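Residue numbers (my numbering), protein chains in the order written: chain A, 1 to 476; chain B, 477 to 648.
It should be emphasised that the hints constitute simulated quantities derived from the structure, not laboratory data.
The structure displayed is predicted, hence computed values, not measured ones.
Wrong hints could be hidden among the right ones.
Footprint (simulated), chain B over chain A, 3 or more residues, beta carbon under 8 Å [what the hints assert, rightly or not]:
no.: 1; stretch: 10–17
no.: 2; stretch: 414–426
no.: 3; stretch: 435–446
For lysine-lysine, the following BS3-like pairs were computed, each having C-alpha atoms within a straight-line distance of at most 25 Å [what the hints assert, rightly or not]:
no.: 4; chain 1: B; residue 1: K572; chain 2: A; residue 2: K349
no.: 5; chain 1: A; residue 1: K471; chain 2: B; residue 2: K635
no.: 6; chain 1: A; residue 1: K295; chain 2: A; residue 2: K171
no.: 7; chain 1: B; residue 1: K572; chain 2: A; residue 2: K434
Some chain B residues well away from chain A (every beta-carbon gap over 12 Å; in silico) [said to hold, decoys possible]:
no.: 8; residue: T493
no.: 9; residue: N500
no.: 10; residue: I511
no.: 11; residue: G512
no.: 12; residue: R520
no.: 13; residue: F521
no.: 14; residue: F538
no.: 15; residue: I543
no.: 16; residue: F547
no.: 17; residue: K572
no.: 18; residue: Q574
no.: 19; residue: L579
no.: 20; residue: E591
no.: 21; residue: P594
no.: 22; residue: T610
no.: 23; residue: N621
Built from N, CA and C at the ideal position, the CB exists for glycine as well.
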Amino acid sequence: MTHFAKRYHPAYIIVEIVSTAKGQFGFYILLFLLKANSTAGWVIWGRYALLAATAVSVLSIFAKWLFNRYELSNETILFREGMFVKKQKTVSWDRIHSHRSNTTFIHRWFGLTSLTMETGTSGENAQFEFPVITQGEKVRILSYLEQKQNRDESKDGIKPERTVHFQATRKDLIKASFTSLSFLAIFPLLSAIYFNLADFFSIEESAESAWHYLLDHVWILIVLFLAAMILSIFIAFVKTYMKYGNYVISDDQERIYIDKGIGNEVSYSISKNKVQAVRVEQSIVKRMLGLVSIKLISAGSFEGEKEEISSLYPFMPKREAYDMLHTILPHYPIKEEMERFPLKVLWLKLFQPYYLTIAAVVGLWIFKREWIWIAGIAFGVSILLRILDYWFTSYTRHNQTVQIRKGGWLNETFITHRDRIQQVTVKHDWLDRKFGVATIMFSNRANPSHESLLFGVSKEEAGIFYEWYHKKSVSN
Amino acid sequence: MYINITEPTQTISIKATKVWRISNTIGHTAALLLIGALMICSDRFDWYDWIGIVLYILGVLFIVSSIFSIFIEPIYLQRTWRYQVDHEFVQLKFGKVQQQHILIPMAKVEYVRTEQGPIMRRYDLYDLEIGTTTSSHKIPAIPANVAKTLKAEIATFAKIRDKDPKEGELGA
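Isolated chain A (complex conformation):
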């Protein structure tokens, strides 16, 4: 069963044009409004260049719509691209690890959506995108994917029921908006606006006199400050509400589904057996409030992505989050009680060379001898960080999984399955051997690959860990 090559929905043109317009909006404002009366050479030429750039991008959008097509078949998706240089990309349904879809405001006006398929590789062809398709088309594409991936396991063809595990309530959202501290964002925002305006108009002077006026009337300052706070709290709540509103986590036999967002809707789905590891993160604020953020690591998902969609709801109470994780992914049991290393590891850590301090001493000695005391601060901070690092590092291994926890400011627990580990390294240097410890490292697939490094494991455990991984196929 092959289908004809399909184009994207015609609204592709509009969606792309709007996003181009968004990108160039600032330049138009600058060149045609703010510098409207300027006759400087760069402004005149800039206007022509800008118009030309706009024309080119509009034309290329039309061309892309005209020439980019895709074909779905039972085994693969085939993309045909390019006007002059023809390009074909084929991806097998098997290779899709996860998919997400993003419905922006414009998509919604036309009843459309976008879909991105993530494969397990990194590099140029790691993702395959359908930028503008109808909802019906999305369902059709996903039906191929599900059919293909289900066929191996269940042949009955009945769509498995989805179970909803979590839905964000208003209370969750209020908590989230405070935890993310995004209400503090108004201050950098205000200063950015101020300095941007100051570049164009000479508000420096009037601002200075206004500032003197305010200093004389402190109560106005306080009122202004409170108003700004209230406004920013409100903005933060609205932002959080838009981003995390309608947050739903559900699953069925094979896949996990995450939907979120109001206005700009995002949904994500990953096959359970493609989860490479689970990471639990807690910032200091979250630790005080007992909230955690759980992230699923998969080979395709890009770490540190702006829209961290592969994380389960990032502001969930710890207990609830662990229980949910246990139901969804029983293979990754998170243990709360973990072993900290013996105190000698702290001493060993403190014995390691202080490169930053040495660099500071050398650098300051040469360039600014009177600031040499800064090296002292660097030394103190290094010691403090090492103590914190020791304090929050712990490790445990049970049956098929290994779990490590690190980090003082941002506490991070990483748990993965033996079959998911790509390779292990055990290393030790002279000093380690005197202390009877070693460093273990193991890597997991992610994009870029995830390397876990744990310093100060006892030599016995390091040996057992190595053999645990080595005996893998024997015990199975």
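We have chain A already, so just place chain B on it with the hints.
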């Protein structure tokens, strides 16, 4: 033995010491010449003082490091390098002051290739590079015939394993 790990048995070629000595000599000489040239320039063209100081420090560091990496490092690196390839795992072990044990399952091996530079060609040696999904590893300086057999072996093992359990069906 410090850690209770069954160590790999295969050793690399005795000629590795020579190869590393030659290549490190070339590399360090080039670097020292460059630093020397910069020092002369700095003197001749009155560059900032600190550039001269930094160059002196770098020069001293390079001299120390060249003594280490030409006369000392190649010997013990050659003596301590061990590897082993069976149909399940590739095991590597090397280092004396800092010792590393590396274990790579065949199932995760993505590619294997051999590599030979001009100095190695003189001694008929090859580097064998094993790439996994997350990184790549080099077994240095092994004789040509061993390298070829190993390459073929690893390729076969990795392929056989690939057909076995599909990713994700075991365990998690």
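Check, residue by residue, whether the stretch 435–446 of chain A contains three or more positions whose beta-carbon lies closer than 8 Å to a beta-carbon of chain B, and give the verdict.
Contact hint for the stretch 435–446 of chain A vs chain B: holds, 4 residues under 8 Å.
Distal placement of F521(B) relative to chain A, Cβ over 12 Å:
holds, 20 Å
Against chain A, does R520(B) hold up as non-interface, every C-beta pair farther apart than 12 Å?
holds, 22 Å
Mind verifying the non-interface call on N621(B)? Its CB should be farther than 12 Å from each CB in chain A.
holds, 27 Å
With 12 Å as the threshold, tell me whether K572(B) passes as away from chain A on beta-carbon distances.
violated, 9 Å
Non-interface claim for F547(B): all C-beta distances to chain A beyond 12 Å?
holds, 20 Å
Verify that the Cβ of G512(B) lies farther than 12 Å from every Cβ atom of chain A, and report whether the claim holds or is violated.
At about 21 Å from chain A, G512(B) clears the 12 Å cut-off, so the statement holds.
Would you mind confirming whether the straight-line C-alpha gap from K471(A) to K635(B) stays at or under 25 Å?
Holds - the C-alpha atoms of K635(B) and K471(A) are around 20 Å apart, at most 25 Å.
Given the hinted pair K572(B) and K349(A), is their alpha-carbon gap at most 25 Å?
holds, 21 Å
Is the Cβ of P594(B) farther than 12 Å from every Cβ of chain A?
Nearest chain A Cβ is 31 Å from P594(B), so the label holds.
Per the coverage rule (Cβ-Cβ under 8 Å, at least three residues), is the stretch 414–426 of chain A covered by chain B?
holds (count 9)
Take a quick look at N500(B) and tell me if its Cβ sits farther than 12 Å from every Cβ on chain A, holds or violated.
The claim holds: N500(B) sits with its nearest Cβ about 21 Å from chain A, beyond 12 Å.
Hint violations for this structure: numbers 1, 17, 18, 19 and 22, all remaining hints satisfied.
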